[in-house]
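> Below are the chains, spelled out letter by letter.
Number of protein chains: 2
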Amino acid sequence: VYVRVKSVQRIGDKLRLLDQTRLPHELVYNDYDRYPDIIAAIKRLEVRGAPAIGIAAAYALAVGVKQTGKYQSDDIRVVANEIRQARPTAVNLTWAVDRLMARLEATSPENLAATLDVLWAEAEAIHREDRDMCLRIGQYGAALIGDGDTVLTHCNAGALATGGIGTALGVVYTCRDQGKRIRVYADETRPLLQGARLTAWELQQEGIDVTLICDSVAGALMAEDKIGHVIVGADRIAANGDTANKIGTYSLALLAMAHEIPFYVAAPASTFDQAMESGADIPIELRSPDEVTEVFGSRVAPEGIDVYCPAFDITPNELITCFITDTGLRPGGRAAGAVRCNE
Amino acid sequence: VYVRVKSVQRIGDKLRLLDQTRLPHELVYNDYDRYPDIIAAIKRLEVRGAPAIGIAAAYALAVGVKQTGKYQSDDIRVVANEIRQARPTAVNLTWAVDRLMARLEATSPENLAATLDVLWAEAEAIHREDRDMCLRIGQYGAALIGDGDTVLTHCNAGALATGGIGTALGVVYTCRDQGKRIRVYADETRPLLQGARLTAWELQQEGIDVTLICDSVAGALMAEDKIGHVIVGADRIAANGDTANKIGTYSLALLAMAHEIPFYVAAPASTFDQAMESGADIPIELRSPDEVTEVFGSRVAPEGIDVYCPAFDITPNELITCFITDTGLRPGGRAAGAVRCNE
Numbered sequence: 004v005y006v007r008v009k010s011v012q013r014i015g016d017k018l019r020l021l022d023q024t025r026l027p028h029e030l031v032y033n034d035y036d037r038y039p040d041i042i043a044a045i046k047r048l049e050v051r052g053a054p055a056i057g058i059a060a061a062y063a064l065a066v067g068v069k070q071t072g073k074y075q076s077d078d079i080r081v082v083a084n085e086i087r088q089a090r091p092t093a094v095n096l097t098w099a100v101d102r103l104m105a106r107l108e109a110t111s112p113e114n115l116a117a118t119l120d121v122l123w124a125e126a127e128a129i130h131r132e133d134r135d136m137c138l139r140i141g142q143y144g145a146a147l148i149g150d151g152d153t154v155l156t157h158c159n160a161g162a163l164a165t166g167g168i169g170t171a172l173g174v175v176y177t178c179r180d181q182g183k184r185i186r187v188y189a190d191e192t193r194p195l196l197q198g199a200r201l202t203a204w205e206l207q208q209e210g211i212d213v214t215l216i217c218d219s220v221a222g223a224l225m226a227e228d229k230i231g232h233v234i235v236g237a238d239r240i241a242a243n244g245d246t247a248n249k250i251g252t253y254s255l256a257l258l259a260m261a262h263e264i265p266f267y268v269a270a271p272a273s274t275f276d277q278a279m280e281s282g283a284d285i286p287i288e289l290r291s292p293d294e295v296t297e298v299f300g301s302r303v304a305p306e307g308i309d310v311y312c313p314a315f316d317i318t319p320n321e322l323i324t325c326f327i328t329d330t331g332l333r334p335g336g337r338a339a340g341a342v343r344c345n346e
Numbered sequence: 004v005y006v007r008v009k010s011v012q013r014i015g016d017k018l019r020l021l022d023q024t025r026l027p028h029e030l031v032y033n034d035y036d037r038y039p040d041i042i043a044a045i046k047r048l049e050v051r052g053a054p055a056i057g058i059a060a061a062y063a064l065a066v067g068v069k070q071t072g073k074y075q076s077d078d079i080r081v082v083a084n085e086i087r088q089a090r091p092t093a094v095n096l097t098w099a100v101d102r103l104m105a106r107l108e109a110t111s112p113e114n115l116a117a118t119l120d121v122l123w124a125e126a127e128a129i130h131r132e133d134r135d136m137c138l139r140i141g142q143y144g145a146a147l148i149g150d151g152d153t154v155l156t157h158c159n160a161g162a163l164a165t166g167g168i169g170t171a172l173g174v175v176y177t178c179r180d181q182g183k184r185i186r187v188y189a190d191e192t193r194p195l196l197q198g199a200r201l202t203a204w205e206l207q208q209e210g211i212d213v214t215l216i217c218d219s220v221a222g223a224l225m226a227e228d229k230i231g232h233v234i235v236g237a238d239r240i241a242a243n244g245d246t247a248n249k250i251g252t253y254s255l256a257l258l259a260m261a262h263e264i265p266f267y268v269a270a271p272a273s274t275f276d277q278a279m280e281s282g283a284d285i286p287i288e289l290r291s292p293d294e295v296t297e298v299f300g301s302r303v304a305p306e307g308i309d310v311y312c313p314a315f316d317i318t319p320n321e322l323i324t325c326f327i328t329d330t331g332l333r334p335g336g337r338a339a340g341a342v343r344c345n346e
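So the protein lines, in turn, are chains A and B.
Each residue of the first sequence is one higher than the one before, starting from 4 at the first, in the working numbering.
Each residue of the second sequence is one higher than the one before, starting from 4 at the first, in the working numbering.
It is possible that part of the hints are untrue.
Since the list gives no way to pick one copy over another, a pair counts as held whenever it fits inside one copy or between any two copies.
As the list claims (entries may be wrong) - List of simulated lysine to aspartate or glutamate pairs, EDC-like, C-alpha gap at most 20 Å: (1) Lys-183 with Asp-212; (2) Lys-229 with Glu-263; (3) Lys-229 with Asp-309; (4) Lys-229 with Glu-280; (5) Lys-229 with Glu-288.
If you're looking for bench data, these hints aren't it; they were derived computationally from the structure.
Here chain A stands alone, though its shape is the one from the complex (with noise of 0.2 Å):
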């Protein structure tokens, strides 16, 4: 399975970022070769996506250590701290650097040459494996969606946002290659947009059919019958199955429920996390009030008005029919009604 869209690439010794900020107006790639230009395409959404960050931030440490030529573990690991910071609550963008710095102290090696080989090899083992995971996350998926189906997403959880053909939308690409057609409708997403401005571009890159839809129309686009199935992603599932992701999420998940829809949420097995019980254990992010009054600059509500905005909500597990796993499927607490995933 191909996709022409690629948000992080190795070229030679410097790292290609997508510039997501861009989009969906412009097209453009930066070539980087010093890393502290790297944290700052990280800092200001350049490159964003879970998984897409953890490989950059790989990247940018062998990017590090052949700008300064220093070799060290000292000097490497004030490189390593650096790049860990660019977002402190990035998951992967801390376990990358740790797994690379981990290799190092491994393999030892004596020079900057071999260095540079460990730094190189081991980002690109971590590119790789999240490519792969998404190839079987597409595999696992698509044998639930048939030709001619009709897929909801929300948010983006596709190339952009790995280093593969992404997880939900992995499984639309997947489709694709094994020659079924597939229309999806894709939620805006307020208040970010990533519906509209990645999404939407990501998918007309890739030739699916895809409809933009304010999130608002999900709903009424289910009672019209228009729906086959909901592919989401997720930030963090708990042991329960409860699963954190984009706010709207779980709106979808009630509504798909009310009208009998599946309801998918694909993420690599590392998203479940053991030591959430529940989803009441996950800590939600209240984001700026910015996001909501202004878009793209213009201000949309009066000055001094009062903002409630979560990045996430929590879909309990009972209203999810099926995850979509790099390890196969695993079903969700709605399972065990008319809907069977592992079928």
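With chain A fixed as given, assemble chain B onto it according to the hints.
Chain B only, in chain A's frame:
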């Protein structure tokens, strides 16, 4: 019950409109003594909301006859026809103009002054009746809401949409005047953001405790037990109670039922259209894709993207706890359950 926000006012021989296209950034009133300017103002949505448009149209006819100085029925008919066509689908507009013309026919005034007296008096009667209708809706509705309750609303069914205190928001203002502390969550209401631009502004002006949310947040708020009541307006109600209102209303009603939160439709009894047997008979207007892909002139989606943008959706009567009308409360299809609206 008094509100400071007035969408439409007669000032001597002029019509004063609160320019809703400038909200929430500026509070601008425009005074009109030429009827083509009022038609232009209606076209550009300087005044919106079916009742407010009807009142503006009625005053426009009086302004037009004053301006032209012509009072023969053929002359007046020319002006009336122009006004009727300001927004061809606005039922109240035609209704108001027809009512003034019928009044002229019934009274046959013999000179300009007498003609103007008839027109101004009838326009004021329409305005006064609308004001009274709002007050009655407020009274009936307020009986359902207790001190300290939290209300969620969608779009703008407030003073800005009517000649009085509004319908859904009229209930809130009436509660306030009864000494009840009410908290309101306002859906921003994509695509045209009437909730952010108008409802949030209007409630802020009136000193009501209001919090703005993205439409996709409502479900999560309900799950957090933060919503006591949902109150919305209506564009048209079929004989069986199925209700056409701003897109997103159906989803709210379904989410409210799932969370056992009462769902009220506040609208004049005249909104019931006996010619429509059920919601399936109500035509749904599709709006321009630009409303979704552009926000305040900024492009937010890729060029050439398909968009599905219905202006309204249909909420089945079974999801409605109660209709709050100017002739009293009328139970909806959900009234048989735990929540009874007529107690």
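> So, for every hint listed, does it hold in this structure?
Now for the hints, and whether the structure bears them out:
1. Lys-183 with Asp-212: within (12 Å within a copy, 51 Å between copies)
2. Lys-229 with Glu-263: within (12 Å within a copy, 27 Å between copies)
3. Lys-229 with Asp-309: Between copies, since 15 Å is at most 20 Å while 36 Å is not.
4. Lys-229 with Glu-280: neither (35 Å within a copy, 24 Å between copies)
5. Lys-229 with Glu-288: Between copies only: 18 Å across, 33 Å inside.
Violation of the numbered hints given earlier is confined to hint 4; every other hint is satisfied by the structure.
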